[in-house]
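In this note's numbering, the protein residues as written are 101 to 534.
These aren't lab readings, by the way, just hints derived from the structure by calculation.
Don't take each hint at face value.
To be verified - Derived lysine-lysine pairs resembling DSSO-like cross-links, with alpha carbons at most 27 Å apart:
(1) Lys499 with Lys479
(2) Lys411 with Lys191
(3) Lys317 with Lys518
(4) Lys528 with Lys471
(5) Lys142 with Lys242
(6) Lys293 with Lys324
(7) Lys139 with Lys176
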Amino acid sequence: MFKLKLIDLAKGSNISDQYKFYCSTLNWSRDQVVSYQNKRLKSLINHSCLNVPYYRNWMVNHNIIPQEINSTEELKKLPILDRVIIRQKNKDLIAQNYKTKDLHGGSSSGTTGIPINYYHDTQSISAGGAANYALWLMSGWKPGQKNIHIWGNASSIERWNSIVSKLKTRLMNQLNIPSTHLNENNISEIAEKIIRFKPKSIEGYPSAIYTLANHFKQNNLSIKGLKQVLTTAENLEDYQRDIIEATFAPTGDFYGSGEVMGIASRPIGDNRYYIFEPHVIVEAVDSGLEGMKDILVTDLDNYAMPMIRYKVGDLIDNIYIPETNSKYQFSYFKKLIGRSADIITLTNGMRFHPINIFGGTLFREFPFISKHRVVWDGKLLRIIFEVNGSVDDSLLKQKIDELLKRYDVSYSIEYTTKLLPSSNGKYKYVEIIK
101 MFKLKLIDLA KGSNISDQYK FYCSTLNWSR DQVVSYQNKR LKSLINHSCL
151 NVPYYRNWMV NHNIIPQEIN STEELKKLPI LDRVIIRQKN KDLIAQNYKT
201 KDLHGGSSSG TTGIPINYYH DTQSISAGGA ANYALWLMSG WKPGQKNIHI
251 WGNASSIERW NSIVSKLKTR LMNQLNIPST HLNENNISEI AEKIIRFKPK
301 SIEGYPSAIY TLANHFKQNN LSIKGLKQVL TTAENLEDYQ RDIIEATFAP
351 TGDFYGSGEV MGIASRPIGD NRYYIFEPHV IVEAVDSGLE GMKDILVTDL
401 DNYAMPMIRY KVGDLIDNIY IPETNSKYQF SYFKKLIGRS ADIITLTNGM
451 RFHPINIFGG TLFREFPFIS KHRVVWDGKL LRIIFEVNGS VDDSLLKQKI
501 DELLKRYDVS YSIEYTTKLL PSSNGKYKYV EIIK
């Protein structure tokens, strides 16, 4: 905690106190969770009506008063906030009792095709960071333990050179590695550096950690004392998790975004993604595809630019209420499926998500397939496989025929020795050419 306080002192944040509070909520009863969540929601709605032009105008035009919204169910009276609205109404979404120059600005990567700008106040940044740490704690992580941080976002990497970032890295015993450096030219040197560092945890993009795990496996390398791997920012596929856990350590998976940090996590040894409800409200709404729901997130701590019922662009199976004997009394989902922008609409009108079709069990039958990418140009489905050995073409085609039979779509199979990530270091499983 002392190290977090030093970071707060350098950054002017309040992560340490917020983290201490959030840790206490992990032991709350369901009634305590719901009561606190509703209290925070009412405060946010009152503030938004008084100070945020977009919400004030919407409530007036639809004869809604803040006192009508006291719970998650009543939150449905407000509109869904999507990226189009954020772009069109950006200034109207910023609270008038905040000065823009005092806020922390950010922008999305635009993976949905609609990049946006957003803002946080200092308390929101503190709460989001503290929520991340509390979610990591659920997998056994402790502040200050030696950690490898693998990331690819260019603006984040650029900030690593700032004085405050260097101080944080030192205090948190962290070694930063750009994911784009994990290539044939650098990976051996990076692996040696990691072994010398002796980390307790590795955290970052699953595709990059998977690449690193494969290198360790192929070269019979190991990291003594490694306790956990914490993945985030991309979907963790089953075949990736198999290799990472067999080579490195048990793996927890985390879910959040730049717009709303610290949303949920699947702790090590668990099969549920627990929603961090002291910090957010998450709803699941129909996506138009069976078994897939669109996520809506309300950030209970961002008063500068309230994200209320924000459509993040990700898909889950559904939201479930915890049983009385559940380890955490937070609502949860079981599966994080992928981006809604990656849903493919065929010429015959049928729709499907490639990761839901090709992920997981298919690749366990073909050990020499490292990863895949699906490209849709409006007519043909190109399925590109990265391979490191021989593949039974006829058996692979038979399996894909079975998976795609109901969709009546033409496809091709291609092989390559290397599928590269995008410029931000993230791996793109689906590409839709418009």
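We went through each hint and held it up to the structure:
no.	hint	verdict
1	Lys499 with Lys479	holds, 21 Å
2	Lys411 with Lys191	holds, 19 Å
3	Lys317 with Lys518	holds, 18 Å
4	Lys528 with Lys471	holds, 11 Å
5	Lys142 with Lys242	violated, 33 Å
6	Lys293 with Lys324	holds, 13 Å
7	Lys139 with Lys176	holds, 17 Å
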